[in-house]
Every structure is written in C-alpha cells, then in structure tokens.
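Visitor: Be aware that the sequence shown starts at 33, since it is given in the working numbering, and climbs by one per residue.
Everything labelled a hint here was simulated from the structure, so no lab data went into it.
These figures come from a predicted structure and were not determined experimentally.
C-beta: ideal position from N, C-alpha, C; glycine also.
Just so you know, not all the hints are guaranteed correct.
[As the list claims (entries may be wrong)] Derived DEER-like restraints, expressed as beta-carbon distance ranges:
| hint | residue 1 | residue 2 | range |
| --- | --- | --- | --- |
| 1 | Pro83 | Ala162 | 24 to 32 Å |
| 2 | Asp170 | Gln124 | 39 to 47 Å |
| 3 | Asn91 | Asp159 | 37 to 45 Å |
| 4 | Ala149 | Lys72 | 16 to 24 Å |
| 5 | Gln124 | Ser36 | 28 to 36 Å |
| 6 | Ser36 | Ser68 | 31 to 39 Å |
| 7 | Ile165 | His67 | 24 to 32 Å |
| 8 | His44 | Gly131 | 24 to 32 Å |
| 9 | Asp73 | Asp170 | 21 to 29 Å |
[Stated by the list, open to error] In silico DSBU-like pairs for lysine-lysine, Cα to Cα no more than 30 Å straight-line:
| hint | residue 1 | residue 2 |
| --- | --- | --- |
| 10 | Lys98 | Lys72 |
| 11 | Lys84 | Lys115 |
| 12 | Lys77 | Lys110 |
| 13 | Lys115 | Lys77 |
| 14 | Lys110 | Lys98 |
| 15 | Lys98 | Lys77 |
| 16 | Lys84 | Lys110 |
| 17 | Lys98 | Lys115 |
| 18 | Lys115 | Lys72 |
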Amino acid sequence: VSISLDRMNEIHTETNEENVERTRTAYTHKTTEGHSLTIKDLSFKYDIYSPKDILSDINLSIPNGKVTAIVGASGSGKTTLVKLLLGFYEPQNGNIEIGNANLSEYNLGWWRSQCGAVMQEGYLFSDTIARNIAISDDEPDIERIRHAARV
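Please construct the entire structure, taking both the sequences and the accompanying hints into account.
Guide: Written as structure tokens, this is what we have:
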C-alpha cells in the first residue's frame with residue numbers, strides 16, 4: 033500500500049498540463065449549468081496512420097447534472113471515450129461540446145474538477161471510506177465526501 037501511496041503522491045505533485053489558450057472556466061463562462069455535454073460525429077484512433085478508428089462516428093448527449101454510465105464489452109472503447117471526455121486525448125474528427133462551446137476552449141484543470149469518473153481498475157486502501165474518497169486532501173471537506181459517497 034505504501035508503494036501505491038508514494039506513486040499517487042508523486043503523480044499528485046506533478047504540474048498540470050495547462051494550455052494558456054484554454055481559458056474558459058466557471059468564471060469566464062458563467063457555468064456549465066443547464067448545458068448538456070454533447071459528442072458530435074466523434075472519431076478517434078491512437079495511431080493517426082492506422083486505417084481503423086478505435087471510435088467511429090460517435091454521437092451522444094449527456095444532460096447536465098445527470099449521472100451517466102458508459103458500459104460495454106471489454107475493448108469496446110469505454111476508457112478511450114472517457115479519456116476523450118476528460119480532455120486527455122483530442123478526437124481526430126468531430127466535437128465534444130459543453131453547451132455551445134467546444135471542450136478544447138476550456139481550462140482542463142477546471143473541467144476535470146467538474147467531472148467524476150470511475151475507471152475499470154479502482155483500488156481501495158485499508159482505511160475508512162472517507163479517507164479513500166479524499167485520498168489527497170490534507171483537510172477534507174466532509175460535505176464533499178458525503179456528496180461523493182451518495183453519488
């Protein structure tokens with residue numbers, strides 16, 4: 033467990049990959065409240081020279097404030113889609129939009145703070161549920177922990 037915690041701490045201390053051109057945040061774009069997350073004609077492949085897309089012509093609308101599960105068979109592209117939604121990758125074709133603004137305009141640190149994702153390989157540490165939820169918070173906010181536990 034200590035090796036995992038050391039690795040997590042190492043990752044948490046890394047600087048974020050912010051792009052100064054991505055300026056939209058809750059402050060510059062009022063809020064995402066009331067805006068759906070929309071995927072339009074999205075295609076993606078890891079190797080741009082590959083003839084085959086990992087995801088092809090994806091269209092999806094996720095209403096604001098709704099918990100949404102992305103499920104499917106192993107290898108069907110679920111993790112890739114979530115990583116695209118979080119801005120870890122950019123699609124070769126199509127758009128990911130929040131309301132009428134493209135995800136590429138948003139500050140990724142802010143955007144990711146608005147999202148929650150549970151990937152396939154989740155780990156729990158031998159500790160309380162609260163400590164597992166607030167693993168990197170020195171002074172965790174109990175209301176946020178309660179909210180996360182309910183979700």
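Visitor: Does each hint fit the structure? Answer for all of them.
Guide: Against the structure, the hints come out as follows:
For Pro83 and Ala162, the hinted distance range of 24 to 32 Å is not satisfied, since their beta carbons lie about 49 Å from each other. Separation of Asp170 from Gln124 is about 40 Å and conforms to the stated range, judged on CB atoms against 39 to 47 Å. For Asn91 and Asp159, the hinted distance range of 37 to 45 Å is satisfied, since their beta carbons lie about 41 Å from each other. Take Ala149 and Lys72: their Cβ atoms lie about 21 Å apart, and the range 16 to 24 Å holds.
Against the hinted window of 28 to 36 Å, the Cβ-Cβ separation of Gln124 and Ser36 comes to about 34 Å, which satisfies the hint. Separated by about 36 Å at the C-beta atoms, Ser36 and Ser68 satisfy the suggested range of 31 to 39 Å. The given range of 24 to 32 Å is respected by Ile165 and His67, whose C-beta atoms sit roughly 27 Å from each other. Take His44 and Gly131: their Cβ atoms lie about 30 Å apart, and the range 24 to 32 Å holds.
For Asp73 and Asp170, the hinted distance range of 21 to 29 Å is not satisfied, since their beta carbons lie about 44 Å from each other. Annotation: proposed proximity of Lys98 to Lys72 holds, straight-line Cα distance about 19 Å (limit 30 Å). Simply put, Lys84 and Lys115 have alpha-carbon atoms about 19 Å apart, close enough for the 30 Å limit, and the pair holds. Pair hint Lys77 plus Lys110 holds up; C-alpha atoms about 13 Å apart against a cutoff of 30 Å.
Restraint check for Lys115 and Lys77: the C-alpha separation of about 13 Å stays at or below 30 Å, so the hint holds. Under the criterion of a C-alpha separation no larger than 30 Å, the hint pairing Lys110 with Lys98 is consistent with the structure, at around 18 Å. Using a Cα cut-off of 30 Å, the hinted pair Lys98 and Lys77 holds, with the two alpha carbons roughly 28 Å apart. Restraint check for Lys84 and Lys110: satisfied, since their Cα atoms lie roughly 17 Å apart, inside the 30 Å limit.
Our distance criterion of 30 Å between C-alpha atoms is met by Lys98 and Lys115, whose separation comes to about 18 Å. A C-alpha spacing of about 16 Å is found between Lys115 and Lys72, which places the hinted pair at or below 30 Å, so the restraint holds.
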